[in-house]
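Visitor: Residue strings, one per chain:
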Amino acid sequence: MAESLAPSVDRPSTRRPAGRAAAGQGGLAGWLLLLPAAVLLAAFTHYPAVATFLHSLYSTPRGSRPAHFVGLDNYQAMIQDPVFWQSLWNNAVYALGTIPAAIALALVMALWVNGRIRGRGLLRLAYFTPTVLPMIAVANIWLFFYTPDYGLIDQVGHLFGAGAHNWLGSRSTALACLMVVTVWKEAGFFMIFYLAALQQIAPVLGEAAAIEGAGRWYFFRRVTFPLLMPTTLFVLVNAVINAFRVVDHVVVMTRGGPDNATELLLFYIYEVAFKFWDTAYGATLTMVLLAILAAVALGQFLYFDKRVHYR
Amino acid sequence: MQAIRLEEVSKQWGEARAVDRVTFEAEPGSLVVLLGPSGCGKSTTLRLIAGLEQVDTGRVLIDGRDVTALPPSQRRLAMVFQSYALFPHLSVAENILFGLTARRVARTERARRLARAAELLGLGGLLERKPGQLSGGQQQRVALGRAIVAEQPLCLMDEPLSNLDAQLRQEMRHEIRALQQSLGMTLLYVTHDQAEAMSMADRVILMNQGRIEQDAAPAELYDRPASLFAARFIGTPPMNLLPLADGPGGAVVRGTAGPPLFAGGGEGLALGLRPETVTLAGAAEEGLATEVLAAEYLGADSIVALRAGEARLSVRLAGRIRPQPGEPLRVTWPGAAAHLFDLSTGRRLDEAAGIRLGAVRRRLA
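Chains A and B are the protein sequences, given in the same order. Once you know that position 164 of the first sequence is 164 in the UniProt record's numbering, the rest is easy, because the numbers rise by one and skip nothing. Once you know that position 215 of the second sequence is 215 in the UniProt record's numbering, the rest is easy, because the numbers rise by one and skip nothing.
Read the hints as simulated data drawn from the structure, not as lab findings. No experiment lies behind these values; they were computed from the predicted model shown. Virtual Cβ for every residue (Gly too), placed ideally from N, Cα, C. Heads up, some of the hints might be wrong.
Stated by the list, open to error - Taking lysine to any residue pairs in the SDA-like style, the calculated list, with each CA pair at most 20 Å apart, reads:
| hint | chain 1 | residue 1 | chain 2 | residue 2 |
| --- | --- | --- | --- | --- |
| 1 | B | Lys130 | A | Pro226 |
| 2 | B | Lys130 | A | Val308 |
| 3 | B | Lys130 | A | Phe304 |
| 4 | B | Lys130 | A | Gln200 |
| 5 | B | Lys130 | A | Ile201 |
| 6 | B | Lys130 | A | Arg221 |
| 7 | B | Lys130 | A | Gly206 |
| 8 | B | Lys130 | A | Pro230 |
What the hints assert, rightly or not - Derived list of chain B stretches under chain A, where covered just means 3 residues or more per stretch with a C-beta under 8 Å from a C-beta of chain A:
| hint | segment |
| --- | --- |
| 9 | 65 to 74 |
| 10 | 83 to 91 |
Claimed, not checked - Here are the simulated distance ranges between beta carbons:
| hint | chain 1 | residue 1 | chain 2 | residue 2 | range |
| --- | --- | --- | --- | --- | --- |
| 11 | A | Tyr303 | B | Arg116 | 36 to 42 Å |
| 12 | B | Ala166 | A | Gly121 | 43 to 49 Å |
| 13 | B | Gly64 | A | Gly215 | 23 to 29 Å |
Okay, chain A solo, but in the shape it has when bound (with noise of 0.2 Å):
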């Protein structure tokens, strides 16, 4: 790697002893070009990492009592943590739930403002304005939505004549909640990224299926959808990064309730470690989410990148 971004000028068939030391030379200035990136890399993603697996393995201090090692308790007690289950299973559902919806969502409302309608440039818009605002923003719109009796979704449930109903405040109801608002903020960004592949897909293919008697279902699962593989794997794994990495909308609309039935992993490390402050316990727990993250976008490559055909 040194060698290759060594300003040589020497071609590899024509290099003497000389030259080699030449390239000795310009391996040390390739390595100081990536020294800065290396020292950002590794204090504040490498280091970390690390330094959170360790703290995983020693108890939390705690005013006099400095931290001790303790092997694998914290993970011990994490397995025994019924709120650590709770939070991994709505995660789950969480992410199931909302992953799919709104990669298909993205992906119909790219099909449609891709084509040749009126008002398509405000309509691109209208579909990207949830992902420019904050979660945080998004989530007091949504909380309005939400409110009991004088929210929207109530005022226009009592039209149908509906009472009301506690939205965020009711167990069977409080998730799925939270996953309508994040399918419809994520739901624009994955749109952005289907319009601009399929911008890329050549018109001529279109009609030359015209042509050969392929109907519009046909040609989008032969055609457009293989085409699209790329972009649904990219958009794919930043789903599942975002569906454990955002939990904005958790902080400002139930706090993981009611009775954590809102309570995402990532919501919970926090409230472990800068609520309770039990750091040790937070970093044993995100350690779980590192090994989900990774094992999940690992995955996600070596099943797709046989499958999709990068142009």
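The hints should help you fit chain B onto chain A, whose structure is shown.
Guide: Leaving out everything else, chain B in the frame of chain A:
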């Protein structure tokens, strides 16, 4: 019954008339070339026939059936695109069979047609490859294969060879022609390359600014260009066009004192001469006095650029003639080789107009 018939077909893009009342027919089993410079409306005409664009006015008939309002899939035709339009993620076999799968043709029938197309086009070893792994020429063959397996009576091709190198283009020209004849299909072929048109076509439809300039067999197009545009477009180098003027004894080449070419006025007319019909005049013959501007030696012959009065002309002289610039040369030509055009209308003036250029030289001699 004609394989294709266009009746007064027009297409407007905003202010511009891309296709302007185009009418023509193609016999079943013939190869008809739509020829013209870029922007002349030939590709748009093809797309109108394919149904990829809607006609503004006029009718399109395929096999006697009015298809003007039908979608492309129901017009019973195949098409080869300039960019080939192969599906990059599908294998060669899948690309070729795309339409048959879409139309739910039975599996055994698909296999039969694929095998035949692969054999015809020499694609046997490539069926599992992706288009990205093929050369330009091979991709072209896949596109042809897709058109062949459709087994439609009419095939449209939009500049199919323009992305290939010169040598491959030559080969494919012969191959497409042979394929068309052996399959007996009607082929409508769009190109801007006159050599392609002249060598392949049964009939050439020359287009200019959305209109048909001339619709004729290649030989007629060359021998009797119907307009100044046709005269300038066909031939390498193209036909020389010398503006004429009134002279004391008849029409003369503008800017020269003679000899008179025919009795009557020459103002507003142009004399057309193919470069290869012009020869050096013998000592006893009367000829047109010219001055050599440049000479280009090509081996078998030379292209010599001459100036005669206000006009410039290129002549093709056989043998190792290497005249020097500035040298005077007297040239002549057989009367039957001369063409006469009206500069104001751009149209050809025939013998029917009462002008016989053939008489000129006889009188001069």
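Visitor: Each of the hints needs a verdict: does it hold here or not?
Guide: Hint check:
A threshold of 20 Å between alpha carbons decides the hint, and for B:Lys130 with A:Pro226 the separation of about 14 Å falls inside it, so the pair holds. Taken as a hint, the B:Lys130 and A:Val308 pair is honoured in the structure, with Cα atoms around 13 Å apart against an allowance of 20 Å. The straight-line distance between the Cα atoms of B:Lys130 and A:Phe304 is roughly 18 Å, inside the 20 Å bound, and the hint therefore holds. Under the criterion of a C-alpha separation no larger than 20 Å, the hint pairing B:Lys130 with A:Gln200 is consistent with the structure, at around 19 Å.
The hinted pair formed by B:Lys130 and A:Ile201 meets the criterion: a straight-line CA distance of about 17 Å does not exceed 20 Å. With a C-alpha separation of about 18 Å, the suggested pairing of B:Lys130 with A:Arg221 holds against the 20 Å cut-off. A threshold of 20 Å between alpha carbons decides the hint, and for B:Lys130 with A:Gly206 the separation of about 19 Å falls inside it, so the pair holds. Distance restraint check for B:Lys130 and A:Pro230: the Cα-Cα separation of roughly 17 Å lies within the 20 Å cut-off, and the hinted pair is therefore satisfied.
Counting residues of the segment 65 to 74 of chain B whose CB falls under 8 Å from any CB of chain A gives 3; the rule of at least 3 is met. Interface restraint, the segment 83 to 91 of chain B with chain A: holds (6 residues with C-beta to C-beta distance below 8 Å; minimum three). At about 38 Å, the beta-carbon gap between A:Tyr303 and B:Arg116 stays in the expected band of 36 to 42 Å. Against the hinted window of 43 to 49 Å, the Cβ-Cβ separation of B:Ala166 and A:Gly121 comes to about 45 Å, which satisfies the hint.
A C-beta distance of roughly 27 Å is found between B:Gly64 and A:Gly215, which places it inside the suggested range of 23 to 29 Å.
Violated hints: none; the structure is consistent with every hint.
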